[in-house]
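Peer 1: Sequence:
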Amino acid sequence: MPGPIDRTATAPEIARANAQAPEADNAHATVRWNLRRNIAMKPRVFMLHIGAAAGISCAIGVGFCIAGYPLVLAFCACQALALLAAMVHYAVHALDGEQLVLTGNALEVRCTRGFRSHTVRLDPCWTRLECTAGAEPPTLCSGRTRVPVAVYLAEPQRRRFAAEFGRMLAGARMPGTVDRTPGTADCTS
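Just so we're aligned: the sequence shown equals residues 42 to 230 in our numbering.
The set of hints was computed from the structure by calculation and includes no laboratory data. Idealized CB from N, CA, C, for every residue including glycine. The hints are all genuine.
DEER-style ranges, computed between Cβ atoms:
id : residue 1 : residue 2 : range
1  : 134       : 211       : 28 to 38 angstroms
2  : 93        : 145       : 48 to 58 angstroms
3  : 96        : 212       : 54 to 64 angstroms
Kindly generate the complete structure, drawing on both the sequences and the hints.
Peer 2: Here you go:
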């Protein structure tokens with residue numbers, strides 16, 4: 042049975058939606074999914090690459106300034122500032138994603154987007170997972186509440202997550218009931 046996601050795991054393991062396995066004798070076991078962005082580089086390596094690109098650009102600008110073209114240095118400085126802005130934006134959104142916690146009587150979804158984070162608590166008996174045929178991410182729906190999940194997963198990983206989550210959600214409902222809602226966890230189309 043899969044274990045919790047380890048922060049030191051490889052990129053494919055992080056991108057995959059791992060569920061913390063419930064115990065067989067516990068009817069209200071907690072199942073947790075951490076759906077995070079797939080970060081390919083370590084932060085130090087990323088900053089080193091951005092710094093090198095900005096440094097080379099500014100060195101070229103200084104060379105042109107010495108040759109008598111100071112306007113080139115100004116454009117190279119603007120390029121370095123743009124790279125700095127892109128690096129800050131990337132760093133702010135590096136931990137974006139969702140964390141879903143399903144217990145027997147509650148579903149808690151914590152969404153993180155940059156500095157903003159919000160938590161939604163849903164009743165699993167009244168919650169369904171809607172999947173569209175397009176590139177849109179699956180959406181948890183409960184009444185008027187709609188929460189997109191698996192936003193940063195690739196399409197095959199979304200399908201795998203939707204199938205697993207649908208099974209767990211159906212198991213959290215009352216025993217013996219079958220969810221016949223169209224699009225509940227069918228992301229194969």
